[in-house]
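Trainee: Listed here are the chains, written in short residue letters.
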Amino acid sequence: GQNIDQPTEMTATEGAIVQINCTYQTSGFNGLFWYQQHAGEAPTFLSYNVLDGLEEKGRFSSFLSRSKGYSYLLLKELQMKDSASYLCAVRRDDSWGKLQFGAGTQVVVTP
Amino acid sequence: DTEVTQTPKHLVMGMTNKKSLKCEQHMGHRAMYWYKQKAKKPPELMFVYSYEKLSINESVPSRFSPECPNSSLLNLHLHALQPEDSALYLCASSQDRPSKSYEQYFGPGTRLTVT
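Line order of the protein sequences matches chains A and B. In this text, residue positions in the first sequence follow our numbering: the first is 2, and each later residue adds one. In this text, residue positions in the second sequence follow our numbering: the first is 96, and each later residue adds one.
Some clues are possibly wrong.
Stated by the list, open to error - Some but not every residue of chain B turned toward chain A, in silico, with C-beta under 7 Å: (1) Pro-103; (2) Gly-123; (3) Ala-134; (4) Pro-137; (5) Pro-138; (6) Leu-140; (7) Glu-198; (8) Phe-201.
Stated by the list, open to error - Taking lysine-lysine pairs in the DSS-like style, the calculated list, with each CA pair at most 30 Å apart, reads: (9) Lys-104(B) <-> Lys-82(A); (10) Lys-136(B) <-> Lys-69(A); (11) Lys-148(B) <-> Lys-133(B); (12) Lys-104(B) <-> Lys-99(A); (13) Lys-69(A) <-> Lys-135(B); (14) Lys-99(A) <-> Lys-136(B); (15) Lys-58(A) <-> Lys-113(B); (16) Lys-77(A) <-> Lys-104(B); (17) Lys-135(B) <-> Lys-104(B); (18) Lys-113(B) <-> Lys-131(B); (19) Lys-135(B) <-> Lys-82(A); (20) Lys-99(A) <-> Lys-133(B); (21) Lys-136(B) <-> Lys-104(B); (22) Lys-114(B) <-> Lys-82(A); (23) Lys-69(A) <-> Lys-99(A); (24) Lys-135(B) <-> Lys-99(A); (25) Lys-99(A) <-> Lys-131(B); (26) Lys-114(B) <-> Lys-104(B).
To be verified - To spell it out: a stretch of chain A is covered by chain B in this simulated footprint if at least three of its residues, at any positions, have a beta carbon under 8 Å from a beta carbon of chain B; those stretches are: (27) 13-25; (28) 55-69.
Rather than coming from a laboratory, the hints here were simulated on the basis of the structure. This one's a predicted model, so the numbers in the text were calculated from it and none came from an experiment. Cβ coordinates follow ideal geometry from the N, Cα and C atoms, glycine included.
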């Protein structure tokens, strides 16, 4: 099985930086995804890490350390529209590679 | 076209009704998924179809019956549901089997209420 932990909620000011941590314990690991989900909407893909290191994509960056079972999503220059839930999802290292989602971190951006 | 569409957007049904949820994608993806998501919870995988064959059934009760008529369509037939089945039902697709390095594209979901 897998345990995936992320903070429940984070609040930050417009223009600031927020880092959402995700720790996981898994019997098999084949990559980690970050998704953004606005209330009542579908999750949208943000990033994918399978090797250690930092992946940068515009204002969003994602980091992975496989030895530590740790990832973070960094949101820079926060905008009001970034208020959403951010889901960390681990793909299992089996023939089907199912995704296991964390409970999500609700980010609230204030003016 | 990078869109997964789902119909209906909202559905209210009684416990004795039979209804179906529909999902469609035209990205040429060969894997399609059904997830169930309760409020403030993460999506939970229900079924995976890979190359139009049911590959994964996460011990879902038989009152949920999936169907994949072709590579672009995925249905979820509902019968004799319980109030606790009320949730957001998300469809997703990916280019290939979930074990490959492809992200899943999600549809907007169907908000189901069972009365």
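Trainee: Now look at each hint and say whether the structure bears it out.
Mentor: Hint check:
1. Pro-103: 15 Å, violated
2. Gly-123: The hint is violated - Gly-123(B) has no Cβ within 7 Å of chain A, the shortest such distance being about 17 Å.
3. Ala-134: Violated: closest Cβ of chain A sits about 10 Å from Ala-134(B), beyond 7 Å.
4. Pro-137: It holds, given that the least Cβ distance between Pro-137(B) and chain A is near 3 Å, below 7 Å.
5. Pro-138: Status holds, d = 6 Å.
6. Leu-140: 6 Å, holds
7. Glu-198: 4 Å, holds
8. Phe-201: 4 Å, holds
9. Lys-104(B) <-> Lys-82(A): 23 Å, holds
10. Lys-136(B) <-> Lys-69(A): 25 Å, holds
11. Lys-148(B) <-> Lys-133(B): Roughly 27 Å separates the two Cα atoms, so the pair holds.
12. Lys-104(B) <-> Lys-99(A): Distance ~26 Å between Lys-104(B) and Lys-99(A) Cα, so the pair holds.
13. Lys-69(A) <-> Lys-135(B): 27 Å, holds
14. Lys-99(A) <-> Lys-136(B): 18 Å, holds
15. Lys-58(A) <-> Lys-113(B): Given pair Lys-58(A), Lys-113(B) is violated - Cα atoms ~45 Å apart, limit 30 Å.
16. Lys-77(A) <-> Lys-104(B): 33 Å, violated
17. Lys-135(B) <-> Lys-104(B): Holds. Lys-135(B) to Lys-104(B) sits at ~19 Å (cutoff 30 Å).
18. Lys-113(B) <-> Lys-131(B): Holds - the C-alpha atoms of Lys-131(B) and Lys-113(B) are around 18 Å apart, at most 30 Å.
19. Lys-135(B) <-> Lys-82(A): 19 Å, holds
20. Lys-99(A) <-> Lys-133(B): Answer holds: Lys-99(A) to Lys-133(B) is near 19 Å, not above 30 Å.
21. Lys-136(B) <-> Lys-104(B): With Cα atoms ~19 Å apart, Lys-136(B) and Lys-104(B) stay inside 30 Å; holds.
22. Lys-114(B) <-> Lys-82(A): 35 Å, violated
23. Lys-69(A) <-> Lys-99(A): Distance of about 21 Å is within 30 Å: holds.
24. Lys-135(B) <-> Lys-99(A): 21 Å, holds
25. Lys-99(A) <-> Lys-131(B): 15 Å, holds
26. Lys-114(B) <-> Lys-104(B): 13 Å, holds
27. 13-25: Per the Cβ count (0), the hint is violated.
28. 55-69: Since three or more residues must qualify, the claim that chain B covers the region 55-69 of chain A is violated, with 0 doing so at under 8 Å.
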